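Protein chains: 2
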Amino acid sequence: MDKTRLRCKELESKVMTAQEAAKIFENDMVVGASGFTPAGYPKAVPVELAKRAENGEEIGITLITGASVGPELDKELAVSGVMKRRFPYQTTNECRNAINEGNIKYQDMHLSHVPQWVKYGYFGEMDIAIVEAVAITEDGGIVPSTSIGNSATFIENANKVIVEINTSQPAELEGIHDIYIPQAPPNREPIPLVSVSQRIGTTYIPCDKEKIAAIVFTDISDSTRAVAPIDDTSRKMAQNLIKFLKEEVRLGRLPENLLPLQSGVGSVANAVLGGLCDSDFENLEVYSEVLQDSVLDLINANKVKFSSGTSITLSPHRLPGFYEEFDKYKDKMILRPQEISNHPEVARRLGVIAMNTAIEVDIYGNVNSTHIMGSRMMNGIGGSGDFTRNAYLSIFTTESIAKNGDISSIVPMVSHHDHTEHDVMVIVTEQGVADLRGLCPQERAEAIIENCAHPDYKEKLRDYFNRAKEGKFKHTPHLLKEALSWHEKFLETGNMK
Amino acid sequence: MDKTRLRCKELESKVMTAQEAAKIFENDMVVGASGFTPAGYPKAVPVELAKRAENGEEIGITLITGASVGPELDKELAVSGVMKRRFPYQTTNECRNAINEGNIKYQDMHLSHVPQWVKYGYFGEMDIAIVEAVAITEDGGIVPSTSIGNSATFIENANKVIVEINTSQPAELEGIHDIYIPQAPPNREPIPLVSVSQRIGTTYIPCDKEKIAAIVFTDISDSTRAVAPIDDTSRKMAQNLIKFLKEEVRLGRLPENLLPLQSGVGSVANAVLGGLCDSDFENLEVYSEVLQDSVLDLINANKVKFSSGTSITLSPHRLPGFYEEFDKYKDKMILRPQEISNHPEVARRLGVIAMNTAIEVDIYGNVNSTHIMGSRMMNGIGGSGDFTRNAYLSIFTTESIAKNGDISSIVPMVSHHDHTEHDVMVIVTEQGVADLRGLCPQERAEAIIENCAHPDYKEKLRDYFNRAKEGKFKHTPHLLKEALSWHEKFLETGNMK
Chain F
-3 MDKTRLRCKE
7 LESKVMTAQE
17 AAKIFENDMV
27 VGASGFTPAG
37 YPKAVPVELA
47 KRAENGEEIG
57 ITLITGASVG
67 PELDKELAVS
77 GVMKRRFPYQ
87 TTNECRNAIN
97 EGNIKYQDMH
107 LSHVPQWVKY
117 GYFGEMDIAI
127 VEAVAITEDG
137 GIVPSTSIGN
147 SATFIENANK
157 VIVEINTSQP
167 AELEGIHDIY
177 IPQAPPNREP
187 IPLVSVSQRI
197 GTTYIPCDKE
207 KIAAIVFTDI
217 SDSTRAVAPI
227 DDTSRKMAQN
237 LIKFLKEEVR
247 LGRLPENLLP
257 LQSGVGSVAN
267 AVLGGLCDSD
277 FENLEVYSEV
287 LQDSVLDLIN
297 ANKVKFSSGT
307 SITLSPHRLP
317 GFYEEFDKYK
327 DKMILRPQEI
337 SNHPEVARRL
347 GVIAMNTAIE
357 VDIYGNVNST
367 HIMGSRMMNG
377 IGGSGDFTRN
387 AYLSIFTTES
397 IAKNGDISSI
407 VPMVSHHDHT
417 EHDVMVIVTE
427 QGVADLRGLC
437 PQERAEAIIE
447 NCAHPDYKEK
457 LRDYFNRAKE
467 GKFKHTPHLL
477 KEALSWHEKF
487 LETGNMK
Chain H
-3 MDKTRLRCKE
7 LESKVMTAQE
17 AAKIFENDMV
27 VGASGFTPAG
37 YPKAVPVELA
47 KRAENGEEIG
57 ITLITGASVG
67 PELDKELAVS
77 GVMKRRFPYQ
87 TTNECRNAIN
97 EGNIKYQDMH
107 LSHVPQWVKY
117 GYFGEMDIAI
127 VEAVAITEDG
137 GIVPSTSIGN
147 SATFIENANK
157 VIVEINTSQP
167 AELEGIHDIY
177 IPQAPPNREP
187 IPLVSVSQRI
197 GTTYIPCDKE
207 KIAAIVFTDI
217 SDSTRAVAPI
227 DDTSRKMAQN
237 LIKFLKEEVR
247 LGRLPENLLP
257 LQSGVGSVAN
267 AVLGGLCDSD
277 FENLEVYSEV
287 LQDSVLDLIN
297 ANKVKFSSGT
307 SITLSPHRLP
317 GFYEEFDKYK
327 DKMILRPQEI
337 SNHPEVARRL
347 GVIAMNTAIE
357 VDIYGNVNST
367 HIMGSRMMNG
377 IGGSGDFTRN
387 AYLSIFTTES
397 IAKNGDISSI
407 VPMVSHHDHT
417 EHDVMVIVTE
427 QGVADLRGLC
437 PQERAEAIIE
447 NCAHPDYKEK
457 LRDYFNRAKE
467 GKFKHTPHLL
477 KEALSWHEKF
487 LETGNMK
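From first to last, the protein sequence lines stand for chains F and H.
Take -3 as the starting number for the first sequence in this note's numbering and just add one per residue.
Take -3 as the starting number for the second sequence in this note's numbering and just add one per residue.
Okay, chain F solo, but in the shape it has when bound (with noise of 0.2 Å):
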């Protein structure tokens, strides 16, 4: 026991091993994890959990987390059977495939909404929170890891705690948090956050001594993935990016150093943040979910001043040398709760530039960020509407086709919608920009199809927009019986051509 990591005397009894504290679960409880993209979640304890159903056990839990986390928690449940229901994001392939074949039962949700159904009792009563931390502080305040997400809510709400203090997770790592969590209604404050590197709360997360039930020390490193690197089509989608942002400060509608900037989560994404580097732009601050890669290589090129997330989830390479270079990036970044990271109320009031990636978008704009084909889902909606819905600029990238383009990502109309023609300003491909802001429908359809359609799709997307446009009612034109017959025909040959 390292009484650096752990400085509670009075918690010292509560140290057992992951065995051990995997007997605390019991079939049907509820159980909120730590963990935001595979970092910070616990991982020794769901193992040994995992084994008492292969050992024949009957035990099935609810999952609650904060978003996606890794193999040791999501692949083991969904593998061993433990998980019947999880809430509310994924990516782990056993998760997604049990959810396909409708065997783990699963809500894709606001990433801003799960904190306050947690208070509001809407999942219930939580049985079990599990979280990781770096350390206990002398009076049982738990110091969280790589992420925050949701374990101060889970903390405050659940029953019992069990504590992974992770020590392949760095100690220095405690004061890089910012812990506030709001009130439930009626008794809710405005949160007082006017700026991305103001600090509200505390540097670790408050907790009843007596909840804590089991405290198990592990040093299972987190299981992140590499970003692939920045390829020729990234690079141009964060070309023409670019391009739109200048032509908005010029016009006197951005502050040349922009506005605090939201990316979301992936390649993709980290692709298009990280292409900033290669632009004029300086002094940037970043307000987002997940630090990538992308956010360390503009700090180092000195293009942003700030960032402020509720996760650090950096490609396996680049760890070591962040860590070894803490310094260097600690006082310019903070982590926070999930609720605030994500808070409909704190990205109005920051004006966050929204860049999100879309699986595909309609003529209309209308965005499909979780379902392939209309019923099969991918990952889950994450914290995309909770920025887009509340930012200065909302922008969505994609690449114009997918399968080596076997598949349009502009399409008629997208086979499952996650954000609507009102929430979406700004489409971007790497063919081009197609800003949406004060169009009607049919102006929409022609800004799309002429900037951001790939050319081998935007001759049949022209001949589906007019011969729609023959129909009585022209403000939003559709041929409803050829509106999806681009998906059905890629279900059917494997190809929308």
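Hint data in this document are derived by calculation from the structure and do not stem from the laboratory.
Keep in mind that this is a model prediction, so the values were computed, not measured.
You may find that some hints are simply not true.
The list treats identical chains as one, so a pair stands whether inside a single copy or across any two.
Restricting the straight-line Cα-Cα distance to at most 30 Å, the calculated cross-link-like pairs of lysine-lysine (DSS-like) are [to be verified]:
#1 LYS5 to LYS324
#2 LYS326 to LYS(-1)
#3 LYS485 to LYS470
#4 LYS324 to LYS115
For this one, chain F is given, so just place chain H on it according to the hints.
Just chain H now, with coordinates in the frame of chain F:
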């Protein structure tokens, strides 16, 4: 000239006829007008402006309002061809028809987005703000009439201001308004509002006197429409809603006096809200856009202790009584700018119970609020998205059928998406209630079909859902070939059966 209405001597020289004021408008101008539902909109000058076009002048404008307005503005400018572009909401037949014929370019927007778009410059420069007032104060402050809408923002941002002082609107309205307008990022501060009855601003809109280009006296009344009497269907929906809310209180998820109520606009919404008169609830509060007849009923029945909106829109026969007993209502009502009444920050902080009406709902809980059969614009999304997305509880009500049963309001897939599965918690029809919180899409479908669909359509919905479930991907089962076939059938045969 009534000097109790125009109390600023300096401005007396700006008084002119409506005909003279109408000459200030030029071709291609961007015009912001007061008005929210047919209340508080300018009436005399628009009619004169329409006459200029009817007399052969080439004059076309972009018209931005709070929400819908009356015929002197939307009908006259649509019919005369003056209106080329329209934001963000409308309900007048002539305007709607021109939109659906493709003759007016209309973008249907979230109402809370409009004022910030003006400030951000997304509509371009605003040439003229034209607003109705009950008075102008000694210092040139403009006292709005029965609505505020975006008047404060329009006045602040327009180059010229035209004021219609409407003497048919009681001078006693002065004092009911509370004007507070947030800054734009990066200087935006928390909105200090923490309770429904709190005042945070001024009772008039500050205005640079130099900008006032014309003051016109008029006495044309608001052209409000009578809401339909409460029928059996509405009564059943209200009963279902009350039962649901009582159960939430019993489960400890809502306080005994609930949380601030937001209600959509129109006869059904009015009837459902009015249904609370027959409930046991007391000390209720209303935090909404439009205060309709039912709010008066609830105040009269001692159910509502305070109400906040951006507009008072009563049936014509209710108006005289309202003004006679105005002292009784005055200290139970505040009107706010729609940027505040509909603000995500405030809606989420107060924890509003959002109750809006749907045109149709699909089996997975997506809601269409705007388009008939996918292409035909009805009115617009209005504030339903502002509230739904940030509500403590988001509820949609709809009769389970329309057109005497030829249309099912529950369909396999909505023909237009305004509110997605991520935002919709509860569906109420006269058949029953589907509580979607925590349910995966398949469970949602079962709840909606069994509890909310009309018996005439249940079997057909079950059949669609059961066959869709046989597909490979079972998260959100759909048959893309049939998903919109109910709408196609209606367009072809006039019947969905």
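*Structure versus earlier hints, numbers of those that do not hold, lowest first*: 1, 4
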